[in-house]
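Engineer: Sequences and hints are given; from them, build the entire structure.
For the record, the sequence lines run as chains B and E.
Numbers 1 to 616, taken from this note's numbering, label the letters of the first sequence in order.
Numbers 617 to 779, taken from this note's numbering, label the letters of the second sequence in order.
Everything labelled a hint here was simulated from the structure, so no lab data went into it.
Quick reminder that beta carbons are idealized off the backbone N, C-alpha and C, glycines included.
Some hints could be false.
As the list claims (entries may be wrong) - Cut-off 30 Å, straight-line C-alpha distance, at most; resulting in silico cross-link-like pairs (DSBU-like, lysine-lysine):
#, chain 1, residue 1, chain 2, residue 2
1, E, K682, B, K240
2, B, K181, E, K778
3, B, K369, E, K682
4, E, K678, B, K240
5, B, K178, E, K778
6, E, K778, B, K188
7, E, K688, B, K181
8, B, K233, E, K682
9, B, K369, E, K688
10, B, K178, E, K688
11, E, K706, B, K233
12, E, K678, E, K706
13, B, K188, E, K678
14, E, K678, B, K605
15, E, K688, B, K233
Unchecked claim - With the C-beta cut set under 7 Å, the calculated list includes, among others, these residues of chain B facing chain E:
#, residue
16, R168
17, P169
18, Y228
Stated by the list, open to error - A few chain E positions that, by computed beta-carbon distances, are all more than 10 Å from chain B:
#, residue
19, M617
20, N645
21, A652
22, E655
23, N681
24, H697
25, L702
26, R719
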Amino acid sequence: MPQTAVLQAERAKSAADRRIGRVFLTETGQTDYSRRSTNELIYCQIMDATGAEIVVRCLAEEGVEFVFGYPGGAVLNIYDEIFKQNKFKHVLVRHEQAAVHAADAYARATGRVGVALVTSGPGVTNAVTGIATAYMDSIPIVVVTGQVPTPAIGLDAFQEVDTVGITRPCVKHNFLVKDVKDLAATMKKAFIIAATGRPGPVVVDVPKDVTAHITDFVYPDTVEMRSYNPVVKGHSGQMKRAVQMLLEARRPMIYAGGGVVLGDASAQLLELARLLGFPVTNTLMGLGGHPATDKQNLGMLGMHGTYEANMAMQHCDVLLAVGARFDDRVIGNPAHFAREQRRIIHIDVDPSSISKRVKVDVPIVGDVKNVLNDMLALLKQAKEKPDAPALNAWWTQVELWRSKNCLKYNQNGAIIKPQYVVEKLWEVTQGDAYITSDVGQHQMWAAQYYKFDKPRRWINSGGLGTMGVGLPYAMGVQLAFPDAQVACITGESSIQMCIQELSTCKQYRIPVKVVTLNNRYMGMVRQWQEFFYGSRYAESYMESLPDFVKLAEAYGHIGMRIDKPEDVEGALKEAFSPALKERLVFMDFQTDQTENVFPMVEGGKGLSEMILAEEL
Amino acid sequence: MRHIISLLMENEAGALSRVAGLFSARAYNIESLTVAPTEDATLSRMTIVTTGSEEIIEQITKQLNKLVDVIKVMDLTEGSHIERELMLVKVKAVGMGREEMKRTADIFRGRIIDVTEATYTIEMTGTGSKLDAFLEAIDSAFIIETVRTGASGIGRGERSLKV
Numbered sequence: 001m002p003q004t005a006v007l008q009a010e011r012a013k014s015a016a017d018r019r020i021g022r023v024f025l026t027e028t029g030q031t032d033y034s035r036r037s038t039n040e041l042i043y044c045q046i047m048d049a050t051g052a053e054i055v056v057r058c059l060a061e062e063g064v065e066f067v068f069g070y071p072g073g074a075v076l077n078i079y080d081e082i083f084k085q086n087k088f089k090h091v092l093v094r095h096e097q098a099a100v101h102a103a104d105a106y107a108r109a110t111g112r113v114g115v116a117l118v119t120s121g122p123g124v125t126n127a128v129t130g131i132a133t134a135y136m137d138s139i140p141i142v143v144v145t146g147q148v149p150t151p152a153i154g155l156d157a158f159q160e161v162d163t164v165g166i167t168r169p170c171v172k173h174n175f176l177v178k179d180v181k182d183l184a185a186t187m188k189k190a191f192i193i194a195a196t197g198r199p200g201p202v203v204v205d206v207p208k209d210v211t212a213h214i215t216d217f218v219y220p221d222t223v224e225m226r227s228y229n230p231v232v233k234g235h236s237g238q239m240k241r242a243v244q245m246l247l248e249a250r251r252p253m254i255y256a257g258g259g260v261v262l263g264d265a266s267a268q269l270l271e272l273a274r275l276l277g278f279p280v281t282n283t284l285m286g287l288g289g290h291p292a293t294d295k296q297n298l299g300m301l302g303m304h305g306t307y308e309a310n311m312a313m314q315h316c317d318v319l320l321a322v323g324a325r326f327d328d329r330v331i332g333n334p335a336h337f338a339r340e341q342r343r344i345i346h347i348d349v350d351p352s353s354i355s356k357r358v359k360v361d362v363p364i365v366g367d368v369k370n371v372l373n374d375m376l377a378l379l380k381q382a383k384e385k386p387d388a389p390a391l392n393a394w395w396t397q398v399e400l401w402r403s404k405n406c407l408k409y410n411q412n413g414a415i416i417k418p419q420y421v422v423e424k425l426w427e428v429t430q431g432d433a434y435i436t437s438d439v440g441q442h443q444m445w446a447a448q449y450y451k452f453d454k455p456r457r458w459i460n461s462g463g464l465g466t467m468g469v470g471l472p473y474a475m476g477v478q479l480a481f482p483d484a485q486v487a488c489i490t491g492e493s494s495i496q497m498c499i500q501e502l503s504t505c506k507q508y509r510i511p512v513k514v515v516t517l518n519n520r521y522m523g524m525v526r527q528w529q530e531f532f533y534g535s536r537y538a539e540s541y542m543e544s545l546p547d548f549v550k551l552a553e554a555y556g557h558i559g560m561r562i563d564k565p566e567d568v569e570g571a572l573k574e575a576f577s578p579a580l581k582e583r584l585v586f587m588d589f590q591t592d593q594t595e596n597v598f599p600m601v602e603g604g605k606g607l608s609e610m611i612l613a614e615e616l
Numbered sequence: 617m618r619h620i621i622s623l624l625m626e627n628e629a630g631a632l633s634r635v636a637g638l639f640s641a642r643a644y645n646i647e648s649l650t651v652a653p654t655e656d657a658t659l660s661r662m663t664i665v666t667t668g669s670e671e672i673i674e675q676i677t678k679q680l681n682k683l684v685d686v687i688k689v690m691d692l693t694e695g696s697h698i699e700r701e702l703m704l705v706k707v708k709a710v711g712m713g714r715e716e717m718k719r720t721a722d723i724f725r726g727r728i729i730d731v732t733e734a735t736y737t738i739e740m741t742g743t744g745s746k747l748d749a750f751l752e753a754i755d756s757a758f759i760i761e762t763v764r765t766g767a768s769g770i771g772r773g774e775r776s777l778k779v
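Structural biologist: What follows is the structure, given as C-alpha cells:
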C-alpha cells in the first residue's frame with residue numbers, strides 16, 4: 001500500500017516538526033507544510049476558518065493518519081472539509097461501532113491516538129459500544145461526534161441524543177463545544193487527555209452550526225489544565241521499600257498487566273525480571289508485555305490461566321503487580337486470594353486502581369516505564385542480591401506445577417481441535433503476526449496457544465468483552481501496518497456481529513486473514529451451560545449459519561472451508577502465502593463442538609481451585 | 617461511617633452531573649450534595665456527605681480526583697472542621713402554639729423570617745443533628761413544610777481547600 005507508506009513518512013516528519021511547534025503559513029493563510037522552521041512562529045495560524053475546517057486542521061496538526069467514520073447530516077460540513085484535504089485518509093466503515101473499534105485497534109497496535117468521526121443521534125449510539133470497549137481497556141481514542149445545531153439542542157430534534165450524557169460513564173472525558181472559539185483548544189485537550197495518564201477515550205461533540213461558524217484558528221502547542229495533572233514519577237521512598245521487599249522475597253512473583261503494554265514498558269519489565277530471576281505471569285491484556293516463550297514466563301493467569309501461573313500467584317510471598325488491576329477474572333474470589341499471606345507491591349498510573357479489590361502494602365503511583373526504570377537503577381545499586389537458595393526452591397516448585405502441562409490437548413481423531421488451529425497459526429506466522437480476536441472460547445484459546453513475544457501484537461476486548469470487535473480490530477491494525485501479517489481469530493457467532501466490515505475490507509483492500517473456529521455454538525455460553533446449567537443449552541446453538549465461503553466470495557474475498565485436521569496447516573499456509581498477500585482470506589474451520597476451555601476457575605472460586613481438563 | 621467530602625471543580629456545564637453520575641454508577645451512598653460557585657466564578661465548591669467503609673471512602677476520593685474537571689478533593693472529616701446546614705421550616709402558628717413556637721425557635725437560635733396570621737417561617741442553621749433536634753422538639757403536626765440545603769463544610773484554623 002504505497003499510499004499508506006507515504007502517509008506514514010509524512011506523519012513521522014510532521015511529528016518531528018510538531019515537537020518543535022513552529023509552522024509557516026502560505027500567503028492565503030493556510031499551513032504551509034513544505035516550509036517548517038524551528039524559530040519563527042509559535043502557533044499554526046489560519047485566519048477565518050470554519051469550525052469544520054478547524055476540526056480537520058486539528059486532526060492534521062495532530063499527525064492523524066486515519067479517521068474511521070461514517071457521514072451523516074450533522075457532520076456534513078466536516079466531511080466537506082475532509083473531501084478538500086489530503087493530510088489524512090478517511091476510512092468509510094459500514095457501521096459506526098466498527099469505526100470506533102478500528103480506531104481503538106489502531107491505537108492499541110501503534111500506541112498513537114486513534115480517531116473516529118460519527119454523526120449525531122444513531123451515529124453516536126452505535127459508537128457507544130466501541131467507546132465503552134476502549135474505556136474498559138484504557139485505550140487512547142478521540143471520537144468526534146456531530147450534534148444538532150445549538151439552538152435545536154434539547155428540543156428533541158431529528159437525530160438528537162444527549163451525547164455528552166450518554167457517553168459520560170464510558171469516557172475518560174467528554175466535551176460539548178458550544179462556541180467555535182473553543183474548538184481548537186478543546187481538540188488539543190481531547191488529544192492530551194486521551195493519551196496521557198491512564199489513557200482512555202475522549203468524545204468531542206460538535207453541533208452543526210459550530211462547524212459552520214467562523215473564527216481565527218490557532219492550534220496551541222499545548223493546553224494547561226489546572227484540574228488535570230497525571231502523576232508521572234513514582235515516589236522515591238516507596239520505590240526503595242519496594243526494591244527492599246523484592247530482594248527479601250523467598251517466593252516472588254511478577255504479575256504484569258495491560259499497563260506494561262500501554263506504557264511501553266516491556267523492555268524494562270524484561271530487564272527487571274532477568275535481573276531478579278523471578279517468574280512472570282501476564283494478564284489477558286498484558287500478553288506480549290513479557291515474552292511468552294521466555295523461560296521465566298508462566299503464561300496467562302486468571303479464570304483460564306495456566307495452572308503454574310495461578311498456583312504461583314496464590315502461593316507467592318511477595319507479589320509485584322505492574323500495570324494490572326486485580327480484576328475478578330484475574331484473581332477470582334478476593335477473599336480466597338487473601339487467605340495466603342503475601343506482601344504486594346502495586347505500580348499503576350491510576351491511583352484508583354490501587355487497593356480497589358485487593359489491599360496492597362506498597363502502592364506506587366506513576367508511569368510504569370518511569371517507575372520500572374527507577375527501580376532498575378535502585379536494584380543495580382543495591383548490595384544485596386535475591387536469596388538464591390530460596391529462589392531455587394521456589395522455581396523447583398513452580399516447575400513441578402508447570403510439569404502438569406495444563407494446556408495439553410489431543411488432536412487424534414477426525415475432528416479439528418480449536419487449539420490445534422491456533423497452534424498451527426502460531427507456527428505458520430512464526431509467532432510474529434498481529435492477532436485480533438473476538439470474545440469467547442476462541443479468544444481464550446488464542447490467548448493460551450498463540451505465544452506473544454512482543455507487545456501490541458495481541459488486540460482483544462479484555463474488559464468489556466465485546467463480541468464483534470475482531471474484524472474491525474484487524475482492519476485498524478492492518479491499515480497501520482500494511483505489510484504485517486494480521487489474523488482475526490474469531491467464532492461463527494462473534495464474526496456475525498460486525499461481518500458487514502468485509503465490505504470495508506474490500507473497498508480499502510485490507511488483506512486480513514479471518515480464522516473462524518466454527519463450532520456452531522456460542523462456545524463459552526455453551527461451556528457454562530454444560531458446567532453450571534445441567535447441559536441445558538438455552539439459545540446457544542446457532543442454526544441457519546450462512547455459508548461463510550460463499551459469503552466471503554459475495555463480498556469479493558476468498559473463502560475456505562476446512563473440515564479435516566490434516567488440512568489445517570495447508571489452509572493456513574495458503575492463506576498467508578505471497579500469492580494471497582493482497583487478499584482477505586476467510587477460513588471457516590469446522591471445529592469440535594464439545595471442546596471446553598481449560599483450566600478454568602469458576603466464578604466466585606479461588607485461583608488455586610482450578611478445573612483441569614484431565615479431571616473431567 | 618459518615619464523611620464530608622469537599623471539592624473544588626471547574627464551574628462548567630455538566631460538572632455536577634459527572635459527580636452525581638460517578639456516585640450512582642459505582643453505587644456509592646450520597647446523603648447530601650451542595651454546590652455553588654466560589655469567589656472565583658470559574659470554580660465551584662461542592663460538599664458531599666456520604667457514608668461507607670474506609671475502603672469505599674478511599675475509592676470515592678480517588679475516583680473524584682480522577683474526574684478531569686475536579687481540581688482538589690478533601691475529606692473534611694479527616695481533621696477538625698465546621699459543618700453547617702441551612703433549614704427553612706414553615707410551621708402552623710395559631711393560638712397557644714404561636715407563642716410556644718416562637719420560644720422553641722429562639723432556644724434553637726432560629727429566626728422567624730416570614731409571618732402570617734396562621735404561620736411562621738423559621739430560618740435555622742447548624743449541624744444536621746441540631747436541625748433534626750429542632751424538628752423533633754416541635755410537634756410534627758405543626759410542620760407544614762421543611763427545606764434543607766444539606767451540609768456545607770470548611771476546615772478549622774489554617775486548614776483550607778483552595779487552588
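Engineer: Against this structure, judge whether each hint is valid.
Structural biologist: Now for the hints, and whether the structure bears them out:
| no. | hint | result |
| --- | --- | --- |
| 1 | E:K682 - B:K240 | 26 Å, holds |
| 2 | B:K181 - E:K778 | 29 Å, holds |
| 3 | B:K369 - E:K682 | 21 Å, holds |
| 4 | E:K678 - B:K240 | 24 Å, holds |
| 5 | B:K178 - E:K778 | 29 Å, holds |
| 6 | E:K778 - B:K188 | 27 Å, holds |
| 7 | E:K688 - B:K181 | 28 Å, holds |
| 8 | B:K233 - E:K682 | 17 Å, holds |
| 9 | B:K369 - E:K688 | 27 Å, holds |
| 10 | B:K178 - E:K688 | 26 Å, holds |
| 11 | E:K706 - B:K233 | 56 Å, violated |
| 12 | E:K678 - E:K706 | 40 Å, violated |
| 13 | B:K188 - E:K678 | 25 Å, holds |
| 14 | E:K678 - B:K605 | 29 Å, holds |
| 15 | E:K688 - B:K233 | 20 Å, holds |
| 16 | R168 | 5 Å, holds |
| 17 | P169 | 5 Å, holds |
| 18 | Y228 | 5 Å, holds |
| 19 | M617 | 17 Å, holds |
| 20 | N645 | 18 Å, holds |
| 21 | A652 | 18 Å, holds |
| 22 | E655 | 16 Å, holds |
| 23 | N681 | 7 Å, violated |
| 24 | H697 | 23 Å, holds |
| 25 | L702 | 28 Å, holds |
| 26 | R719 | 49 Å, holds |
Hint check: violations occur at hints 11, 12 and 23; the rest are consistent with the structure.
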